[in-house]
Amino acid sequence: MASEKFVIPIGPQHPALKEPGHFEFNVDGEIVTDASVRLGYVHRGIEKGAETRNFVQAEYLVERICGICSHVHATAFCLGVERLAGVEAPPRAQAIRQIVAELERIHSHLLWVGVAAHEAGFDTLFMYTWRDRETVMNLLEGITGNRVNYSANVLGGVKCDIGPEQAEAIQIGLNFLEERTRHYLEVVSSDAMFLRRTRGIGVMTREDAERMGVVGPTARASGVPRDVRIDAPYLLYAEHPVELVIEEAGDLEARFKVRVRELFESYRVIRELLTALPEGELTARIPRRIKPAETISRVEAPRGELFYFIKSNGTDSAERVKVRTPTLPNMASVLALSVGHQLADVPMILAGIDPCFSCNDRMAVVKRNGDEQVWTWEQLRQYGIEYYR
Amino acid sequence: METDTCLQKAAELLAPWAQETIEPEPGRVDVAVAPGDLVAAARALMDARWGYLTAITGLDPGEEDGRLEALYHFACGAAIVTLRVRVPRTRPAVPSLIDVIPSVSFYERELMEMFGIVVEGTPNTDRLFLPEDWPDGIYPLRKDFRMEQLGG
Amino acid sequence: MTLKLDQSWQAALDKLKTWARINSPWAIHFNSGSCNGCDIEILATLTPRYDVERLGIKLQGSPRHADVLICTGPVTRQARDRLVRIYEQMPEPKFVIAVGSCALSGGAFRGCYNILGGVDQVIPVDVYVPGCPPRPEAIIDGVVKLLAKLRGADPSDTPVVFDPDSAGEAAILAGEDPVEGPAHAQQEEEAIA
Ligand code: SF4
Numbered sequence: 001m002a003s004e005k006f007v008i009p010i011g012p013q014h015p016a017l018k019e020p021g022h023f024e025f026n027v028d029g030e031i032v033t034d035a036s037v038r039l040g041y042v043h044r045g046i047e048k049g050a051e052t053r054n055f056v057q058a059e060y061l062v063e064r065i066c067g068i069c070s071h072v073h074a075t076a077f078c079l080g081v082e083r084l085a086g087v088e089a090p091p092r093a094q095a096i097r098q099i100v101a102e103l104e105r106i107h108s109h110l111l112w113v114g115v116a117a118h119e120a121g122f123d124t125l126f127m128y129t130w131r132d133r134e135t136v137m138n139l140l141e142g143i144t145g146n147r148v149n150y151s152a153n154v155l156g157g158v159k160c161d162i163g164p165e166q167a168e169a170i171q172i173g174l175n176f177l178e179e180r181t182r183h184y185l186e187v188v189s190s191d192a193m194f195l196r197r198t199r200g201i202g203v204m205t206r207e208d209a210e211r212m213g214v215v216g217p218t219a220r221a222s223g224v225p226r227d228v229r230i231d232a233p234y235l236l237y238a239e240h241p242v243e244l245v246i247e248e249a250g251d252l253e254a255r256f257k258v259r260v261r262e263l264f265e266s267y268r269v270i271r272e273l274l275t276a277l278p279e280g281e282l283t284a285r286i287p288r289r290i291k292p293a294e295t296i297s298r299v300e301a302p303r304g305e306l307f308y309f310i311k312s313n314g315t316d317s318a319e320r321v322k323v324r325t326p327t328l329p330n331m332a333s334v335l336a337l338s339v340g341h342q343l344a345d346v347p348m349i350l351a352g353i354d355p356c357f358s359c360n361d362r363m364a365v366v367k368r369n370g371d372e373q374v375w376t377w378e379q380l381r382q383y384g385i386e387y388y389r
Numbered sequence: 001m002e003t004d005t006c007l008q009k010a011a012e013l014l015a016p017w018a019q020e021t022i023e024p025e026p027g028r029v030d031v032a033v034a035p036g037d038l039v040a041a042a043r044a045l046m047d048a049r050w051g052y053l054t055a056i057t058g059l060d061p062g063e064e065d066g067r068l069e070a071l072y073h074f075a076c077g078a079a080i081v082t083l084r085v086r087v088p089r090t091r092p093a094v095p096s097l098i099d100v101i102p103s104v105s106f107y108e109r110e111l112m113e114m115f116g117i118v119v120e121g122t123p124n125t126d127r128l129f130l131p132e133d134w135p136d137g138i139y140p141l142r143k144d145f146r147m148e149q150l151g152g
Numbered sequence: 001m002t003l004k005l006d007q008s009w010q011a012a013l014d015k016l017k018t019w020a021r022i023n024s025p026w027a028i029h030f031n032s033g034s035c036n037g038c039d040i041e042i043l044a045t046l047t048p049r050y051d052v053e054r055l056g057i058k059l060q061g062s063p064r065h066a067d068v069l070i071c072t073g074p075v076t077r078q079a080r081d082r083l084v085r086i087y088e089q090m091p092e093p094k095f096v097i098a099v100g101s102c103a104l105s106g107g108a109f110r111g112c113y114n115i116l117g118g119v120d121q122v123i124p125v126d127v128y129v130p131g132c133p134p135r136p137e138a139i140i141d142g143v144v145k146l147l148a149k150l151r152g153a154d155p156s157d158t159p160v161v162f163d164p165d166s167a168g169e170a171a172i173l174a175g176e177d178p179v180e181g182p183a184h185a186q187q188e189e190e191a192i193a
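Residue numbers (the numbering used here), protein chains in the order written: chain A, 1 to 389; chain B, 1 to 152; chain C, 1 to 193.
A portion of the hints provided could be inaccurate.
As the list claims (entries may be wrong) - DSBU-like, lysine-lysine: derived pairs with alpha carbons at most 30 Å apart:
| no. | chain 1 | residue 1 | chain 2 | residue 2 |
| --- | --- | --- | --- | --- |
| 1 | A | K291 | A | K311 |
| 2 | A | K159 | B | K9 |
| 3 | A | K48 | B | K9 |
| 4 | A | K291 | B | K143 |
| 5 | B | K9 | A | K311 |
| 6 | C | K15 | C | K149 |
Quick caveat, the hints were computed from the structure, so don't treat them as lab data. Since the model is a prediction, treat every value here as computed from it, not as a measurement.
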């Protein structure tokens with residue numbers, strides 16, 4: 001057959017998970033030769049929406065940018081607005097924000113380990129991690145009253161306290177999780193079948209990672225020491241720091257290990273904070289109107305650096321809210337990484353950066369640069385026969 | 001302390017192109033550059049291995065101002081340097097950074113479709129976020145955007 | 001259908017189909033613009049704590065195999081056509097459950113420029129499950145209500161109350177019919193035999 005490209009469109013609908021995205025992979029046999037992506041299926045226009053709502057309403061809106069890392073979005077926004085207003089949240093509120101943020105990281109990483117294991121065809125691990133994840137969900141619900149989109153933040157502080165009983169419950173929960181996490185670390189670094197799907201797959205060298213500007217665990221798995229909690233401490237991360245978790249290999253295995261090992265750091269920091277929880281108020285008063293200024297607020301979301309740019313104009317709503325989520329820079333790396341790999345590895349590589357796509361909606365209509373090719377199943381079959389002749 | 005040295009170094013690197021340099025808040029430096037100097041300025045930072053590009057923010061200061069702004073934020077540790085490029089509203093165009101920073105494509109596509117700032121020389125100008133049937137020439141993050149412009 | 005059956009056989013066949021459908025509804029999930037919050041809660045219903053698969057409810061990938069479409073999120077302009085297409089690909093009869101405030105009305109995103117509104121602006125919806133996000137129990141409750149509806153009973157007569165801490169939840173779901181009692185399926189089997 002001539003050098004005709006075969007394009008496999010994947011998405012936006014897919015069986016198990018989260019965000020829809022539409023990918024097109026050019027393949028030669030089973031090997032991916034080119035990849036492109038079309039996002040925007042869940043583009044809702046939040047940045048504009050945040051301009052038309054007042055600061056208090058906008059906080060609830062940005063919290064709903066992502067249901068998995070809702071707390072970090074709200075935290076980044078609150079920190080930014082508080083800085084614009086010249087107000088600082090009381091220490092106890094900051095500690096609680098940090099505890100919730102780390103609990104959220106635990107929930108998100110466990111979720112990811114499960115989902116990525118599912119992509120690898122390792123559903124047992126998926127079920128185990130999700131069972132254990134329910135422990136964190138209980139803790140989050142205990143503190144804030146909701147399992148997801150907890151709204152722990154308000155402008156100027158937090159709305160919920162952590163009492164001795166909850167602290168106790170958190171300790172018990174963490175003990176259980178720590179035990180389990182040790183097991184997971186062993187699984188992801190020693191299970192022979194699993195390693196076949198992860199070791200040496202989707203390798204991103206340190207140079208590549210730096211060049212492509214990837215962030216978060218994806219970067220750290222390639223040996224790039226980049227973590228906002230350490231580089232630019234916010235909340236109480238300066239007083240109660242986390243240690244940098246880093247792996248050099250840059251493959252999927254390293255991405256698993258980084259995330260699992262980060263869990264231990266989260267457990268440790270939460271314990272530390274619980275024993276040293278500052279006394280005092282939960283909120284500080286914040287003015288309704290905020291004088292014109294611009295600020296940047298960065299926090300480390302479970303998937304990497306989350307960037308907020310907020311501009312106020314003297315009214316009670318923002319002039320501009322710019323959000324750059326960690327998935328955007330990481331997504332670019334996926335496209336580059338998939339080239340040269342087996343198509344079957346692509347879901348794993350995608351999952352490696354944690355946007356988690358498992359995809360199967362394959363249709364026979366391919367659109368590219370305006371010209372439309374329609375392949376019937378018969379043609380596809382014939383093509384397959386010809387190709388392997 | 002380290003942050004300050006970082007910022008100082010950046011300010012020195014950018015000095016040849018800086019039209020105006022301000023410090024809006026601790027840990028940040030804001031450098032205004034002409035659109036034509038953007039690539040050179042970014043290259044200076046990258047060649048010196050000064051941090052990485054974290055985001056591009058588009059800004060619309062309002063119609064009376066007659067301009068649009070593109071803010072290129074670079075981060076190195078806790079230090080953030082912003083290259084501020086102002087372009088006329090009537091013919092908004094900035095050069096692409098693709099030769100300096102290969103991963104910039106998504107950011108530039110976003111800037112194009114949200115603000116209608118033409119990024120000259122960027123390899124892919126397809127839409128990234130907005131739907132296919134979105135009317136041409138309507139940019140949702142500009143201040144003069146109205147829902148009625150979408151029709152139906 | 002080319003097959004011609006006399007009336008009593010047709011009735012029996014219909015009963016069989018309803019029985020099969022109610023015993024093991026297959027669902028497909030589509031996110032038309034949600035924040036993921038609802039989606040992870042749907043996923044949570046599959047995992048060991050809630051484990052709806054033990055009740056025959058299966059989430060799977062292709063719309064061609066699905067009886068129930070579970071929708072989350074407001075409908076974005078970009079996702080509208082895909083939502084309609086997936087709905088159209090499903091075989092008749094098909095049912096739609098809208099999960100979460102967003103899918104009901106647009107929720108927090110109402111008024112944003114890329115949002116058309118709730119799912120029922122685009123396709124017909126049978127069951128609405130409110131919450132932001134709804135708890136997994138509420139999602140299961142939504143499925144149970146749909147099943148009750150399929151049987152032709154009015155679910156509002158006999159509200160299903162979930163107490164996550166008691167065994168009641170499991171009992172209700174483990175085949176004991178919340179509407180007509182556990183003997184129902186058996187009767188149907190007899191009717192077919
Ligand atoms: S209802 Fe709430 S949790 Fe569900 S998609 Fe909407 S914002 Fe997210």
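Hints, verified against the model:
no., hint, in the structure
1, K291/A x K311/A, "10 Å, holds"
2, K159/A x K9/B, "42 Å, violated"
3, K48/A x K9/B, "35 Å, violated"
4, K291/A x K143/B, "19 Å, holds"
5, K9/B x K311/A, "26 Å, holds"
6, K15/C x K149/C, "15 Å, holds"
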